Amino acid sequence: MRFRPCIDLHQGIVKQIVGSSLNDTDLPQTNFQAERPAEWFAECYRRDRLAGGHIIQLGPGNEAAARAALAAWPGGMQLGGGVSLDNAADWLDAGAQAVIVTSWVFHDGVVDEQRLGQLRRRIGRDRLVLDLSCRHRDGGYRIVTDRWQRFTRETITPELLDRLSGFAFEFLIHAVDVEGKCQGIETPLVDIIGNWAGIPVTYAGGIRSLEDIEQIERAGKGAIDFTVGSALDIFGGKDLVYRELADLYR
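Numbering (this note's numbering), first residue to last: 1 to 250.
Hints listed in this document are in silico derivations from the structure and should not be mistaken for laboratory results.
Taking lysine-lysine pairs in the DSS-like style, the calculated list, with each CA pair at most 30 Å apart, reads:
1) Lys238 x Lys221
2) Lys238 x Lys181
3) Lys181 x Lys221
Listed next, with one range per pair, are the computed distances between beta-carbon atoms:
4) Asp86 x Lys221: 34 to 44 Å
5) Gln114 x Asp191: 28 to 38 Å
6) Val241 x Leu85: 33 to 43 Å
7) Gly139 x Asp162: 17 to 27 Å
8) Gly222 x Glu244: 14 to 24 Å
Because the structure is a prediction, the values reported are computed rather than measured.
Cβ atoms here follow ideal geometry from the backbone N, Cα and C, with glycine treated the same way.
Make a model of the complete structure from these sequences and hints.
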């Protein structure tokens, strides 16, 4: 089990937001806005050898900040947000360890395996992470795209994870309904992930305490990695200390 740090970018600034508040018109609810640039955080993670964290572009206007962060730690972090067949290789050339993709591989509400196969052939399975971030609906966890606004028809199940695991080397799953709220994890979703034995999975959403992290560790038998955002002290949080997590879960 590893701590995977994050750099969430909105309008070129490192922020922590409430995930369910993202939309195309109004400004999202923001928990934290950094005075330091994105590369400062990347340099911090590099110094602490926390490889495999992710940089997420939440909408347009983030490319320069994302490239600066990647340049601060070439090969150390993954890059997501607006990734497609046309630009995936460019992001890898810019220093991304891997690219994270969601929206581009969906068509008419389902995964377009032809597109996904094209991307795998272009960059290789070992450089491709699938973002399967989801929200609770109809008794399950439906994958959402387009900055977590659009519900797809795909639900997180062991069968779906099995089917998609041949295309990527890792899954990233945000529990969007609790993202940024520091009210605890989405336990049923963690249990689904924990009961599935496949490629590595990183969980994000709602983590507020060491007890939450220990619950993820038990559910996944140490195989689920985790990301902490708004509860972390370097993002203005009061509940979890970055230095402690870096030391405990490197």
